[in-house]
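Peer 1: Go ahead and model the full structure; you've got the sequences and the hints to work with.
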Amino acid sequence: AQSVSQHNHHVILSEAASLELGCNYSYGGTVNLFWYVQYPGQHLQLLLKYFSGDPLVKGIKGFEAEFIKSKFSFNLRKPSVQWSDTAEYFCAVKGSGDKLTFGTGTRLAVRP
Amino acid sequence: EPEVTQTPSHQVTQMGQEVILRCVPISNHLYFYWYRQILGQKVEFLVSFYNNEISEKSEIFDDQFSVERPDGSNFTLKIRSTKLEDSAMYFCASSSVSGGSSSYNEQFFGPGTRLTVL
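Protein chains in written order, with my numbering: chain Z, 401 to 512; chain G, -16 to 101.
By construction, these hints were calculated from the structure, which means they are not laboratory data.
From the three backbone atoms N, C-alpha and C, an ideal C-beta is built for every residue, glycine too.
Mixed in with the good hints there might be a few duds.
Unchecked claim - Heads up, incomplete: computed chain Z residues facing chain G, CB under 10 Å, no partners named:
no., residue
1, Val404
2, Asn408
3, Ile412
4, Ala416
5, Tyr436
6, Gln438
7, Gln442
8, Leu444
9, Trp483
10, Ala492
11, Gly497
12, Asp498
13, Thr501
Peer 2: Shown next, in the form of structure tokens:
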């Protein structure tokens, strides 16, 4: 069975600070990895995904994530956060089927 | 930009009542999903649906739950006899392709229906 752990439940940063949100997954086979973001009152939106190839993937709004297979990790990073990045961030894994398995989410609050 | 829509945004019901949650997936998508998130917990997969059949379901998706695509645009989740523990946010999602291990699918999510069972 696949599972995802997100270690940070709440993160508070000041604008321009760097961000790294941890994500570890458990799955025995080939995985696809995703970060979704949910801005207040809005849909879950795909931020970025890893399918294959370059383990450093770039997404929208300056976010990136690095797939480290040996550590079963897919941490999300952004060098300099903005107030508009305040949202909840979900890491998700997909194995051989269609279902996404999500982590518990990390609430990010960015202080202006 | 096309998006998944869900109605109602909030549904309040009494325990034991039937509820139907409605979703309109993106129009050219063929694969449909329901997820739910109990307050403070993870987003959990319930069911995937393709070609008028369930393709995968979780252990949560028991006989109380059913899904249907009654026409060319709607995708519904029915809970026959609601329980207190069914209170959650229910998300519908759709994708244009399947997500086998050799292919990639992006699932587009709706805004959710908050179900409150009293």
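Peer 1: Indicate, hint by hint, whether the structure satisfies it.
Peer 2: Each hint, compared with the structure:
{"no.": "1", "hint": "Val404", "in the structure": "8 Å, holds"}
{"no.": "2", "hint": "Asn408", "in the structure": "15 Å, violated"}
{"no.": "3", "hint": "Ile412", "in the structure": "19 Å, violated"}
{"no.": "4", "hint": "Ala416", "in the structure": "30 Å, violated"}
{"no.": "5", "hint": "Tyr436", "in the structure": "8 Å, holds"}
{"no.": "6", "hint": "Gln438", "in the structure": "9 Å, holds"}
{"no.": "7", "hint": "Gln442", "in the structure": "7 Å, holds"}
{"no.": "8", "hint": "Leu444", "in the structure": "4 Å, holds"}
{"no.": "9", "hint": "Trp483", "in the structure": "22 Å, violated"}
{"no.": "10", "hint": "Ala492", "in the structure": "8 Å, holds"}
{"no.": "11", "hint": "Gly497", "in the structure": "5 Å, holds"}
{"no.": "12", "hint": "Asp498", "in the structure": "4 Å, holds"}
{"no.": "13", "hint": "Thr501", "in the structure": "7 Å, holds"}
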